[in-house]
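J.: So the sequence lines, in the order shown, correspond to chains V and L.
To convert, note that position 100 of the first sequence is 100 in my numbering; the numbers rise steadily by one, no gaps.
One gets my numbering by counting positions in the second sequence from 1 and adding 1000 to each.
Errors might be hidden in some of the hints.
[To be verified] Below 20 Å or equal to it, Euclidean Cα-Cα: the simulated EDC-like pairs (lysine to aspartate or glutamate) are:
hint : chain 1 : residue 1 : chain 2 : residue 2
1    : V       : 41        : L       : 1053
2    : V       : 14        : V       : 59
3    : V       : 41        : L       : 1007
4    : L       : 1104      : V       : 63
5    : L       : 1099      : V       : 63
6    : L       : 1099      : V       : 59
7    : V       : 42        : L       : 1083
8    : L       : 1069      : L       : 1017
[As the list claims (entries may be wrong)] Simulated coverage check for chain V against chain L, where a stretch passes if three residues somewhere in it have a Cβ under 8 Å from a Cβ of chain L:
hint : segment
9    : 15 to 28
10   : 68 to 76
What the hints contain is simulated information worked out from the structure, not anything from laboratory work.
Idealized CB from N, CA, C, for every residue including glycine.
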Amino acid sequence: GAVVSQHPSRVICKSGTSVKIECRSLDFQATTMFWYRQFPKKSLMLMATSNEGSKATYEQGVEKDKFLINHASLTLSTLTVTSAHPEDSSFYICSAGAGGSDYGYTFGSGTRLTVV
Amino acid sequence: SQQGEEDPQALSIQEGENATMNCSYKTSINNLQWYRQNSGRGLVHLILIRSNEREKHSGRLRVTLDTSKKSSSLLITASRAADTASYFCATGPTGANSKLTFGKGITLSVRP
């Protein structure tokens, strides 16, 4: 089955630093990947749609300069949280679909970011 | 804004019992999907039902879809402690690589 690998699973960083999260499709090519943010006991909030070879599409209210997305290959998308602040602490999850939404999406295992 | 709204928000049952979770949505859909999330983990796709389908089965899972009422239900039969997780419904519009809209989720606790 389709596998999406997300790294790191946990990261602690200091305020003001940047953190990069990787999302890889291991056995399929993904022209599109999605990045979500999840607060404790809450649903997933779509942050942006990552498009291979082009700019990401950000959801309303998501700061593009804050959350940099790069989708340089068909199997890798990265989310960089720049100049992180404690309020950026959250659970970030990526997803991709081998066949698109018509067949369901595969999610990464998530990244717990803590900014101290 | 949230498309899917699950009901109830939390459900606690005894192992062996059936668990029924409901989801309502607002706009037209191409399909509706159910996902499970264990604490601190990513989501796992459980089952997808298309807008022209009314019922679908997968193992101990049964999902129904009523497009006239814009609602879906997920039934887990003979529940196990390992079914303890959060369950989300998500609606998918038409088209490949379309983004999903998730509901708020249901927390299911299955007591041994």
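J.: What are the numbers of the hints the structure violates, in ascending order?
T.: Of the numbered hints, 1, 2, 4, 8, 9 and 10 do not hold.
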